[in-house]
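Listed in order, the protein sequences are those of chains A and B.
Each residue of the first sequence is one higher than the one before, counting from 1 in the numbering used here.
Each residue of the second sequence is one higher than the one before, counting from 1 in the numbering used here.
Everything labelled a hint here was simulated from the structure, so no lab data went into it.
One or more of the hints may lead you astray.
Not the full set, but computed from the structure, chain A residues with beta-carbon under 10 Å of chain B [as the list claims (entries may be wrong)]: (1) 107; (2) 111; (3) 142; (4) 143; (5) 146; (6) 184.
A virtual CB, placed ideally from N, CA and C, is assigned to each residue, including glycine.
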Amino acid sequence: MFPWLSLILFLPLLGSFLSLAFWRRPLSCRWASLLVALADFALVMGLLTLNLKGRIGATGKWLLAEDFPWIERFGIRYSLGLDGISLMLILLTAFLTVLCVLVSWKQITQRVGAFHFFLMFMETGVLGVFLATDLFLFYLFWELQLIPMFFLIGMWGHEKRVYATIKFIIYTIVGSLLMLIGLIGLYVIHGAQTGQYTFALYQLVQTKFSPGTEIWLYAAFLLAFVIKIPVIPVHSWLPDAHTEAPTAGSVILAGLLLKAGAYAVLRFAFPLFPTAARSSVPLLLVLGLMGLFYAAWIALAQKDIKRLVAYSSIAHMGLVVIGIAIWNMMTLSGAVLQMINHGLSTSALFILVGMLDERVQSREISNFGGLWGKMPIFSAFFLLFAMASLGLPGLNNFVGEILILIGTFRTWPWVAGIGFVGLVLTVIYILRLVQGTLFGETRNPRIKELYMEDITVREAAILVPLAVAVLFIGLYPGPVLNLFQEPIEGLMTLLK
Amino acid sequence: MFDWVSILPHLILAGGGFCIFCIGAFWRLRSAGLLFAIAVIAVFLAGAQTLLITPQAPHFSGMLEVQGYGRFFTFLIIVITGLTLLFSHQYAKLRNFAGDEFYGLILLAALGMILVAGAVHWLTFFLGLEVLSISLYVLIAIRKADPGSNEAGVKYFILGAVAGAFLTFGMAIIYAVTGTLNISKSLAVGAPAGSTSLIFLGLSLLLVGIGFKISMVPFHLWAPDVYQGAPAPVTAFLSTGSKVALFAALLRFASYASNEVWSHFTPVLWILAVLTMGVGTISALAQLQVKRLLAYSSIAQMGYLLMALLAVKQNGASAIMFYLAAYALMDLGAFGMVAILSAKESDLDALEDYHGLAYAHPWRSAILAVSLLSLAGLPPTAGFIGKFALFWAVLQASYVVIAVIGILTVILSIYFYFKVIAALFMRPAQRTVTVPSMALADRVAGGLILILIFLLGLVPAPVFTIIGKALPFLKIS
Numbered sequence: 001m002f003p004w005l006s007l008i009l010f011l012p013l014l015g016s017f018l019s020l021a022f023w024r025r026p027l028s029c030r031w032a033s034l035l036v037a038l039a040d041f042a043l044v045m046g047l048l049t050l051n052l053k054g055r056i057g058a059t060g061k062w063l064l065a066e067d068f069p070w071i072e073r074f075g076i077r078y079s080l081g082l083d084g085i086s087l088m089l090i091l092l093t094a095f096l097t098v099l100c101v102l103v104s105w106k107q108i109t110q111r112v113g114a115f116h117f118f119l120m121f122m123e124t125g126v127l128g129v130f131l132a133t134d135l136f137l138f139y140l141f142w143e144l145q146l147i148p149m150f151f152l153i154g155m156w157g158h159e160k161r162v163y164a165t166i167k168f169i170i171y172t173i174v175g176s177l178l179m180l181i182g183l184i185g186l187y188v189i190h191g192a193q194t195g196q197y198t199f200a201l202y203q204l205v206q207t208k209f210s211p212g213t214e215i216w217l218y219a220a221f222l223l224a225f226v227i228k229i230p231v232i233p234v235h236s237w238l239p240d241a242h243t244e245a246p247t248a249g250s251v252i253l254a255g256l257l258l259k260a261g262a263y264a265v266l267r268f269a270f271p272l273f274p275t276a277a278r279s280s281v282p283l284l285l286v287l288g289l290m291g292l293f294y295a296a297w298i299a300l301a302q303k304d305i306k307r308l309v310a311y312s313s314i315a316h317m318g319l320v321v322i323g324i325a326i327w328n329m330m331t332l333s334g335a336v337l338q339m340i341n342h343g344l345s346t347s348a349l350f351i352l353v354g355m356l357d358e359r360v361q362s363r364e365i366s367n368f369g370g371l372w373g374k375m376p377i378f379s380a381f382f383l384l385f386a387m388a389s390l391g392l393p394g395l396n397n398f399v400g401e402i403l404i405l406i407g408t409f410r411t412w413p414w415v416a417g418i419g420f421v422g423l424v425l426t427v428i429y430i431l432r433l434v435q436g437t438l439f440g441e442t443r444n445p446r447i448k449e450l451y452m453e454d455i456t457v458r459e460a461a462i463l464v465p466l467a468v469a470v471l472f473i474g475l476y477p478g479p480v481l482n483l484f485q486e487p488i489e490g491l492m493t494l495l496k
Numbered sequence: 001m002f003d004w005v006s007i008l009p010h011l012i013l014a015g016g017g018f019c020i021f022c023i024g025a026f027w028r029l030r031s032a033g034l035l036f037a038i039a040v041i042a043v044f045l046a047g048a049q050t051l052l053i054t055p056q057a058p059h060f061s062g063m064l065e066v067q068g069y070g071r072f073f074t075f076l077i078i079v080i081t082g083l084t085l086l087f088s089h090q091y092a093k094l095r096n097f098a099g100d101e102f103y104g105l106i107l108l109a110a111l112g113m114i115l116v117a118g119a120v121h122w123l124t125f126f127l128g129l130e131v132l133s134i135s136l137y138v139l140i141a142i143r144k145a146d147p148g149s150n151e152a153g154v155k156y157f158i159l160g161a162v163a164g165a166f167l168t169f170g171m172a173i174i175y176a177v178t179g180t181l182n183i184s185k186s187l188a189v190g191a192p193a194g195s196t197s198l199i200f201l202g203l204s205l206l207l208v209g210i211g212f213k214i215s216m217v218p219f220h221l222w223a224p225d226v227y228q229g230a231p232a233p234v235t236a237f238l239s240t241g242s243k244v245a246l247f248a249a250l251l252r253f254a255s256y257a258s259n260e261v262w263s264h265f266t267p268v269l270w271i272l273a274v275l276t277m278g279v280g281t282i283s284a285l286a287q288l289q290v291k292r293l294l295a296y297s298s299i300a301q302m303g304y305l306l307m308a309l310l311a312v313k314q315n316g317a318s319a320i321m322f323y324l325a326a327y328a329l330m331d332l333g334a335f336g337m338v339a340i341l342s343a344k345e346s347d348l349d350a351l352e353d354y355h356g357l358a359y360a361h362p363w364r365s366a367i368l369a370v371s372l373l374s375l376a377g378l379p380p381t382a383g384f385i386g387k388f389a390l391f392w393a394v395l396q397a398s399y400v401v402i403a404v405i406g407i408l409t410v411i412l413s414i415y416f417y418f419k420v421i422a423a424l425f426m427r428p429a430q431r432t433v434t435v436p437s438m439a440l441a442d443r444v445a446g447g448l449i450l451i452l453i454f455l456l457g458l459v460p461a462p463v464f465t466i467i468g469k470a471l472p473f474l475k476i477s
């Protein structure tokens with residue numbers, strides 16, 4: 001069997017070294033990265049069209065799996081597994097990476113080789129997180145994706161970039177290192193029980209714990225993941241990191257890294273520690289709701305468009321957390337779909353803000369207004385993605401949100417009710433954003449006089465596929481949801 | 001009949017050292033290039049000998065263990081010495097101390113380290129320690145015109161002499177109680193009835209002495225000053241070679257110690273490990289001078305190793321051995337880069353001078369950054385696998401609390417490692433810093449370290465296999 005997954009996983013790494021090799025010629029770096037990213041995307045699309053069927057292999061039931069010994073001293077294996085959920089997430093990853101290369105085409109002018117090195121390196125890290133089924137391997141990729149992000153924000157970000165990137169790294173490392181302790185603890189406990197020392201997920205889910213231990217291990221894992229999502233009291237790295245990052249950095253952060261957190265809760269934290277996870281559900285629900293309200297409230301007060309979009313991320317991810325915590329067929333489908341949706345619509349908004357910033361070097365809402373008259377096509381896209389973000393029926397976010405809310409209503413009606421109110425708040429700040437930028441008079445005299453070019457061909461090549469994806473999921477979510485069916489059923493049996 | 005082959009590495013190093021001294025004394029034309037070449041050849045031959053030829057007997061005359069554990073560390077120390085030589089070649093030439101005493105003493109110091117790491121007899125241990133210390137006293141103060149270097153030399157000398165006294169007294173007590181100079185016998189037999197406290201005293205004195213050398217808190221105060229004052233390549237050698245050798249000896253003593261004695265030591269060691277990790281990390285946080293920062297970081301690194309030493313009776317040794325190898329590479333990388341980035345007048349020390357260095361000197365900055373990432377324990381570097389192994393060792397021996405304390409100090413340490421990386425890559429240069437160009441030797445050493453750090457991080461399995469083969473030699477024979 002050809003190792004397709006490894007090829008997909010490590011192809012971007014090849015791109016990263018190519019761009020390092022071409023570091024003297026910026027254009028070659030861009031093309032090399034673009035071609036590699038496109039090739040990777042094509043490979044993932046190929047997997048999607050193959051219509052794979054789940055097969056029971058050595059490491060559980062996967063569409064595709066690979067499994068080789070790596071560090072035998074510790075029973076660590078290089079094992080990858082692909083199911084419907086990870087397939088959609090790696091598709092999103094490959095897709096957004098292509099866009100990131102395109103987005104940075106004009107924006108990144110300094111140290112282009114290094115930029116693309118880190119960007120493509122990042123893709124490998126994120127893909128690894130979504131594919132690894134050995135916990136040690138997962139942890140490795142989980143940490144690996146931090147380093148390129150640290151450099152992307154710190155070297156190509158805006159004014160307060162060093163502060164933002166150090167804050168980002170400290171927050172995420174606090175979680176992940178505590179998880180490392182939890183991970184080793186889990187490994188040792190499982191090994192002592194069965195005599196078999198392994199990090200394989202399918203074996204570790206059968207570990208039995210004493211209640212006290214389980215809570216602590218679960219807490220160590222969960223903390224790492226909720227920092228990444230991020231959930232309310234540990235979210236404060238996100239607005240800074242998003243605001244200071246270059247557009248591609250924001251896209252990757254919002255589109256992929258936050259997903260990695262939610263995916264890890266779904267794939268690892270809940271199945272590994274079912275009893276503890278059950279008992280944490282009320283806490284997660286409260287935190288999710290708090291995220292929804294708090295972020296909406298703060299977003300209302302934001303002057304910087306990028307910061308506003310960043311806070312909207314927290315709100316959206318709050319809903320995803322609720323969906324995962326409820327843990328039934330419907331909410332889980334909704335939550336996973338919502339991860340994809342949020343990846344698409346929020347990335348699109350960040351890209352649009354980046355385009356504005358490139359044109360006028362400003363992101364203050366108060367400077368804009370009246371863009372519809374100056375840049376109609378841009379404004380139409382902006383309106384589309386803003387509407388998607390607030391959950392307009394017919395667009396992608398609506399499907400995910402409604403699935404989560406209906407699924408929640410069955411078991412926790414009051415949570416669904418409060419969540420619904422939270423979504424209304426989302427409508428308010430998104431509409432305020434749309435009104436403040438697109439309509440009315442341009443408030444800043446400098447920008448009013450400025451000629452602003454409407455969408456270029458390159459920018460259209462970025463926005464059109466995003467718009468198509470948003471509309472496709474909004475109008476015809478069936479095929480995507482079908483992909484989630486089988487893996488979610490598998491997850492449900494783990495937590496009965 | 002002596003088995004000469006088994007101590008050939010030692011003989012080669014000693015011979016190389018004396019050859020260099022003789023050239024210095026009797027041949028007027030003592031070019032730095034020739035001396036350097038002899039030193040490198042000696043190190044290379046000794047390394048090849050260690051790597052390729054397995055000694056026939058495990059011990060040499062009951063003095064040295066040469067087949068497994070000792071051989072592992074002999075090779076590691078020879079690698080450290082070789083890299084140090086490469087880093088210091090241009091550095092020493094620019095600063096006019098590339099003479100016979102420099103190269104000769106480096107070889108002799110390496111010999112001392114190998115003796116310390118392989119000793120199974122208290123006399124060998126003492127002999128190695130003295131050879132190592134005396135060579136280092138001179139090496140630290142080798143920039144004769146530089147008051148900082150001299151001050152560092154004197155400081156290290158006085159404290160080293162005190163530590164030596166502690167060690168000697170400890171050995172004397174152990175000898176007096178057990179009546180043997182064989183290390184494993186004297187430690188394993190345990191004390192005759194009624195003298196447990198004496199053995200305990202002797203071992204405590206030994207621990208104090210070794211603690212000085214490996215900069216264990218509270219005996220660490222010399223480290224930042226000496227590291228800052230010594231020429232950077234010597235600092236690299238001091239913080240890797242001598243610590244690795246002494247820690248190897250400490251690990252050997254701990255493995256030999258009888259369970260009864262060891263059980264008295266664990267609470268003490270627990271506290272010392274926490275102190276070393278904590279003090280090292282917290283002191284490093286506020287440092288604005290890179291050499292001092294690295295000094296405190298290396299103290300913290302010793303703390304992680306001490307923490308894993310708690311688990312020595314429960315399979316912890318393999319983790320410590322791997323980490324020592326990883327630590328040697330990454331610390332050499334960090335100090336080595338400081339050395340080759342430094343201008344002739346003084347070492348590049350203030351953090352401000354590192355601002356934006358990556359734009360002008362990408363390779364050196366990248367290697368420094370990789371070394372720091374490895375020290376911080378991030379994948380895919382040797383430091384990550386090493387940290388994983390250490391924490392595995394501690395947790396599987398059920399020391400949960402200290403593992404959590406340890407990981408908290410690792411989290412704190414992220415801040416100062418990333419502070420340096422951020423300075424290198426993200427902040428604009430504030431003043432112009434003159435940086436010498438890289439010599440061939442520097443390139444080779446830097447490249448080797450870069451490759452080895454990633455190699456140990458990605459394919460650690462062979463190293464663990466070698467360690468697995470070396471471990472039985474820690475059992476009492």
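Each hint tested on the structure:
The interface hint given for residue 107 of chain A is broken, as the beta carbon of that residue sits about 18 Å from the closest beta carbon of chain B, more than 10 Å. Because the smallest distance between the Cβ of residue 111 of chain A and any Cβ of chain B comes to about 8 Å, under 10 Å, the interface hint for this residue holds. The beta carbon of residue 142 of chain A comes within 9 Å of a beta carbon in chain B, closer than 10 Å, and the hint placing it at the interface holds. At its closest, the beta carbon of residue 143 of chain A sits 5 Å from a beta carbon of chain B; the interface hint therefore holds under the 10 Å criterion.
Contact between residue 146 of chain A and chain B, as hinted, is supported at the beta carbon level, the nearest pair being about 7 Å apart and thus within 10 Å. A least Cβ separation of about 5 Å between residue 184 of chain A and chain B falls short of the 10 Å threshold, and the interface hint therefore holds.
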